[in-house]
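Asker: Based on the sequences and whatever the hints tell you, model everything.
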Amino acid sequence: MTDAVASVRLSRGPWATALRKLSRDNAAMVCLAVFCLIVILCLLAPAYASFANTDPFRSTLDATVEINGQQVPVMEQSTEGLGLGYTPIGPTWRLGSYFLGADNQGRDVMARLLYGGRNSLLIAGAATIITLVIATIVGLTAGFFGGITDTILSRILDVLWAFPVYLLAISLSIVLIAQGIDLGLIVLEAGSLWLPIFIIGIVYIPYIARPVRGQVLALRQSEFVLAAIGLGVPEHRILLRDILPNISTTLIVFAPLMLAINMLTEAALSFLSIGVQPPDASWGTIIQDGQGLLYTRPWVALAPGIAIALTVLVLNVLGDGLRDALDPRSKIRLGGD
Amino acid sequence: MLLALIRRFGQMVFVMFGISVLVFLIFFVTPGADPAARIAGRNASPETLEAVRKSFGFDQPIWIQYLTMMKKIFITQDLTSFVNRGWKVVPAVFDTIPVTLSLVIGAAVLWVVFGMLVGILAAATRGSIIDKALMAFGLIGCAMPVFWLGEVMNLITQSRYHDTWLFSWVPPLGYKPLSQDPKGWFLTLVIPWITLAILYIGLYGRVLRASLIEAMQEDYIRTARAKGLSETRILLRHALRTSLISFVTLFGLDFGALVGGAALLTEVVFGLQGVGKLTYDGLQNLDLPIIMTTVIYASFFVVLANALVDIVYILLDPRVRSA
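Those sequence lines, one after another, are chains A and B.
Just so you know, we're using my numbering here: the first sequence kicks off at 5 and counts up by one.
Just so you know, we're using my numbering here: the second sequence kicks off at 1405 and counts up by one.
Treat the hints with care, since some could be wrong.
Quick list of simulated restraints, FRET-style, between CB atoms [what the hints assert, rightly or not]: (1) T1568/B with T64/A: 35 to 41 angstroms; (2) T21/A with L1505/B: 49 to 55 angstroms; (3) E80/A with L1521/B: 57 to 63 angstroms; (4) V1425/B with T300/A: 46 to 52 angstroms; (5) Y1624/B with R245/A: 39 to 45 angstroms; (6) I133/A with G1414/B: 33 to 39 angstroms; (7) G150/A with V1425/B: 41 to 47 angstroms; (8) E80/A with L1582/B: 17 to 23 angstroms; (9) V1716/B with V191/A: 45 to 51 angstroms; (10) R62/A with R1446/B: 46 to 52 angstroms.
Hints were generated in silico from the structure; no laboratory data involved.
Think of the CB as a built atom: it goes at the ideal place given N, C-alpha and C, for glycine as much as any other residue.
Answerer: Below, the structure written as structure tokens:
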């Protein structure tokens, strides 16, 4: 009796085993810590803005800042050419007073970077959830019910999958960004953050739904599912209790990789001015703001790019670690562009 | 085999049809605003709106609208822009194709060569510091947004270090046609090629390394070792051959994806007047006919490229033929 209890205690469930494996993966743990740090810093954006006493969404062309006891204007009259343009102040490297300098409207780049990070993370996160939920529903339905349902859903997925991601996103954005969309149940207003979330969430559905469908097709033929069908277990119960737990590892492994790809897509769309709309910021829009100042004040564009690259890097390593911990055999591709 | 070819061809035609319907639905049927107002662009006059309505047949049933649009894009190719009045967009798209192909093909050559080098070197020195460094650089390469890397490249080569011996040869941004100025064509494209290739070298190096390491566990590698072949020969002549399959599949997909995405961002940053830059300009001017045309032609190109890769597989690999 005592022996049996002891052995029960010793054998861990699959989740506990995976968690132990993950916690031993130093690279993945460091990346998890860095990612949490990035999220916390971005959430603290309002605190930084009030500490720096700046409004990152209003242009302030006549502000001054104290450096070494002297008042320096944030926007300096250009000395080159006709002297008509203004050059914003460069990085002071002092927290609270234009740490990374100002952009072409005199706004504190550091404060905008933190606020932009909130939007970038929010869009990427919400889009990931939309993709995973819809793709799981589509993949489960197509794979489990088969027949005409599967044929129709698979053909739709084929078309979406073959449609280049950026071109699909551009087509949706150009139509939606100016007027928004009213689908009765869902109303997305122009300029709302939900538009890029919705667009990015849609374009990647086939990348998850296709592998999920394949897995469900295989599980459908497995003995334990056939046994459940034979016992007369209702279909919704088989789907939820037998099949969903078996594909959950795939979904968990996909989540950080999807988040990374979505960060890059959000940045690209915002850079093309069809993502986050001004005066709101995201890392992509700040890079676009910095494009005009590239040769004079490069840090406006450099800082958000480094932030994106760092976030995507830690998410990719975390995804690799999760994959090794949960399912060493699966092969999942990293996103590249 | 003929059946497999016909099936693949049928699938391609279906996907093309699906994409054309989807584009039509997005641009003409999406609720929210009058499609004529979208196509006419910002602050269009009532006369322009009327002209758009007539030209696209918005008073007619929806399937006639679809056929009208397809006819304008593919058959008569007389779709005109209403933002730049009378500008025929289909020939404009064709004019920009050489620029995009120059960019993508050059970058592809670079990333295939260096991706293979990185993958083979990392697999051969598995676990060593070289392997770890290469893989770390690869990860950083795939994490950077391509347009940002392009800006950093511009900052280095056009501004900060332009006057040093290293980058003084870099010409100003822009594109020179190959037929008129081969040297200028090459020089202006070197930096964009490198920028685009950096993103993919890491990815391809990682994929090839993983697949080589997997192949090295196979029985035929043990046989080759037992025959007394050198490790180099085993790696290059035995393991690499099977590993290249995944490499080629990936290449087919990415080459297509590039035409429809990453190349667009690279063209914008480097001021190369390709299909992507044309789409970008259309976005900035809210010129929908140009975007419709580039989206449809680029997507069709991608679908065609993917189908060609699969057809080559059917011809080469006996296992795929019967499937």
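Asker: Each hint should be assessed against the structure and marked as holding or not.
Answerer: Here is what the structure says about each hint:
Taken as a hint, the range 35 to 41 angstroms holds for the pair T1568/B and T64/A, whose Cβ atoms sit roughly 37 angstroms apart. About 50 angstroms separates the C-beta atoms of T21/A and L1505/B, a value consistent with the hinted range of 49 to 55 angstroms. In this structure the supplied range 57 to 63 angstroms is violated for E80/A paired with L1521/B, their Cβ-Cβ distance being about 48 angstroms. Checked against the given bound of 46 to 52 angstroms, the beta carbons of V1425/B and T300/A, roughly 48 angstroms apart, stay inside it.
One distance hint, 39 to 45 angstroms for the beta-carbon pair Y1624/B and R245/A, holds here, with the actual separation near 43 angstroms. Between I133/A and G1414/B the CB atoms are about 36 angstroms apart, so this pair conforms to the stated range of 33 to 39 angstroms. G150/A and V1425/B have their C-beta atoms about 25 angstroms apart, which leaves the hinted 41 to 47 angstroms range violated. Restraint check, E80/A to L1582/B: a C-beta distance of roughly 44 angstroms breaks the suggested window 17 to 23 angstroms.
Evaluation of the 45 to 51 angstroms hint for V1716/B and V191/A yields a pass: the beta carbon distance comes to about 48 angstroms. Checking the proposed 46 to 52 angstroms range against R62/A and R1446/B shows it is violated: the Cβ atoms sit about 26 angstroms from each other.
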